[in-house]
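In case you want the letters, here they are:
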Amino acid sequence: MKKITLKITINGRKHTLRIDPNLRLLDLLRDELRLTGTKEGCGIGECGACTVILDGRAVNACLILAGQCNGREVVTIEGLTGKDDLHPLQQAFIDHGAVQCGFCTPGMIMSAAALLDQNPTPTEEDIREAISGNLCRCTGYTQIVEAIQAVADDN
Amino acid sequence: MNSNPSIIGTSPKRVDAREKVTGSARYGQDLRMDGMLFARVKHAEYPHARIRSIKTARAKRLKGVAAVVTAADIPGNPAFGAIIIDNQPIAGDKVRYLGDAVAVVAAETEAIAERAVDLIEVKYEELPGVFDPREALKPDAPRIHEKGNLIVHHKTRKGDVGVGFGEADRIIERSYSTQRVEHAYIETEVVVAYLDPDGTLVIKGSHQNLFNIRSAVAGVLGLPLSKVRIIQASLGGSFGGKDDCMAVLGCRAGLLSLKTARPIMLSNSREDSLVESYKRHPYFLDYKVGVKDDGTITAMEINIVADGGAYASMTQFVTWRSVVHATGPYRVPHVKTDIYGAYTNNTYTGAFRGFGSPQITFAYESLMDEIAGELGMDPLQFRLKNVLRDNDVTATGQKLDHTVSVGEALEVTTRAAGWDEKRKKFPEENAGRIMKRGIGLACSYRGVALGAEGVDATGAIVRIHSDGSVDLTTGLSEMGQGLKTIFSQIVAAELGLPIEKIQYRETDTSTITDGGPTVASRSTIIGGSAVRKAAIAAREKLGAAAAEKLGAPPAKIIASDEKIMVKGDPVRAVSFREAATMALDAGMNLSSFAWHVSPPIWWNEEEGRGDAYFTYVYGCQIAEVEVDPETGRVNVLEVWAAHDVGKAINPETVRGQICGGVATAIGYGLLEEVEMVDGVTKTMNLDEYLIPTAMDVGKIHAIILENEDKYGPYGAKCVAEPTAELCAAAIANAVCHATGKRIRDLPLNLERIVLGHKLVKKKRRVR
Ligand code: FES
Ligand code: FES
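As you go down the protein sequences, you meet chains L and D in turn.
Just so you know, the first sequence maps onto residues 5 to 159 in our numbering.
Just so you know, the second sequence maps onto residues 3 to 769 in our numbering.
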């Protein structure tokens, strides 16, 4: 297969890469760049474990070709984490017991981050809707919603 | 020497939370090794067939393929199993369900492995299949295994049901059924197999029960246990589900690693996982109950058939838990219960959070409402009249010598939910409403830990280092439930240290002896007791080392605030670190290993009776729902869930367990079913297999009850599983309250609510 050139900004760093045209954004992140905080749970856009932020919007990285991201900007869970400080959502997830197995957590936090960027003061309904594409089998969502609400309340 | 257990009953942050929120936690799918190959599986093409021939030559010739293995390459036993040795990681002469493997390929990339799989040619002789366990038990049904299709028959006998039914004013008979469901952990199964330089085969991956997997891999690959090492990667959920199927993956990848001397990654796609990994048993349940007009239950006769699928897996244990608990938490003087587990050519079934209880709880708690309805009694009052109380005798003849709190759970939960008012008010209001409201409850009792199923013992190692930091090792696994945190809290409490000083080491079969599986909600009570003993033993050494300097006998010395001090005289103290150095300088061993065995229990399989578990937990859940009678849509608005956990070591974690269990049960009640038609799975991914989203789960009120148990550390019992066994029944009862429709089959999906039955699909009957 003929490779294509991709210019992409990931977590603030610019990359120019030669990639297969059928490479998914998820594989670019996980396999090529080894940013493994983004997870794969279904591969068909149903579980949300692969959620990243593309130009400010939460998307499923398993449904997007890397080639579609030319000239665009991606933020992953690794990009949310500061050098010393956690992002307020990360801290809130810890403080509110919103993490169990943790497999949904990065995707969940990315969806929540995109929500709070667009709507800093969401209602509980807004929060539940914003994370309705992120499946969690462990928590029953209660503490996750509380964690996101707590960050929103600080806004 | 005493501890200062002030950290018990508080909710310090999870010790593994930071790595999980930053994305740095390493799950199985994140592992990569130099020279690693990727494996794919050639699955069976018929649910029941004899294998005539397998041609792998073309696959082997494909560029990039390193090895293709079949059953002929297996050096050890062809199969493994908990009791019945029937699960074949690669099928030899016969396939029994579509998840069976006939060959496994290792190649440089997953895509090449995939292509190679397509080049393998297999010739079969198709055999008639059996897809309903009731059909499978008929004498002329096709035989799936040589010994026949009956996996197990358990029974419970108490009194004489003939006499009990004679005393009854009414006899009520009902039948229920439950469906096949999937664990649907968000992380699918994955292993990486590789050889250590000393020849030890390492299988690292998404393991729940490492020692079970080790036995299976060692047996199948013909290796001594000491040459197989199982390491757990961060586990993305399990709920009972990553046991046998992980052994299967471990055997397949391990075999390829032995063949190629390279690391092998074998990961299941979601589609693979839905077809191949085991599910929760579908049950068919018939209940016959005798009651007096005043609401007293006089007898119960119960007959259950469970679909075990192609392999026995945990069917014997799952059905045993069912036979013990099938009457529910009620005083029933005369009991006769029989349960049969049968092989079919469906995907096999095994452990899933609840382990034989969600099925029976759905049946007996629906039934209790039905009986109350027939008698014109309130469901709460009917239950309160019959529930077990202190010193009562269970259906298996066991006298309960602890606090029996099912009555308390019912009272607390109904009060919190406003039960009396809503039961009265909703039917009146519904007359003028489009969306019908209803409220329903369910309660249960549950034997803690393995019970008389088998030996229940486990160990822990606490090591104090010269700088005062501490390592903790056990053979039990973190699955998200919070085990690392709870165990670290126990050590911190006993050593008087902040929790940050405790490092929980990764779970690895080469670091500690076999301490059984992480199942049956046994970890806190059995594992926690072992951890506590090990910590106390370590602390006593510090006390002994410091006694002379502190001028007090060891019995007067405590560990608190990072100090070893004289009780009531905190100025006479040395730092924890100093005490550790003193002990080491005195030549003391600051590593302590402790072992904890459950109190004695017994079961007489012949007579169907016994003291099945050393203690029980009790719970009650109430669901408030809204039903759209036009579409059949059920919204769960609120759930109240009260669980007696003995003592909540970490209340926030307990709350997480309750909310998670409730959500799983909402899925079981309303949404989920792995649909199979003639052995073929129809729900292949999460677009067809629907689990609850944040929009499907209403407000959950977790209520923690604490009646300390003499057998638990700090009085703690358990919480994980009981939370998942109640809500489906509570929802069914709430739907009936809202609509007057009694639905006796799970799930309560749209068509059942509107039509009263499932949409009919094509079915091939086996004669
Ligand atoms: S892996 Fe992308 S949504 Fe599930
Ligand atoms: S924490 Fe396990 S899936 Fe969400």
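Hints are computed from structural coordinates only; laboratory data are not their basis.
Model, not experiment: these values are computed from the prediction.
All C-beta atoms, glycine included, are put in the ideal place defined by N, C-alpha and C.
One should not assume that every hint holds.
According to the in silico footprint, chain L covers these stretches of chain D (three or more CB under 8 Å from chain L) [stated by the list, open to error]:
| id | stretch |
| --- | --- |
| 1 | 11 to 24 |
| 2 | 73 to 81 |
| 3 | 125 to 138 |
| 4 | 185 to 199 |
| 5 | 462 to 475 |
Status of the hints after comparison with the structure:
| no. | hint | verdict |
| --- | --- | --- |
| 1 | 11 to 24 | holds (count 10) |
| 2 | 73 to 81 | violated (count 0) |
| 3 | 125 to 138 | violated (count 0) |
| 4 | 185 to 199 | holds (count 6) |
| 5 | 462 to 475 | violated (count 0) |
When the structure is compared with the earlier hints, violations turn up for hints 2, 3 and 5 and for no others.
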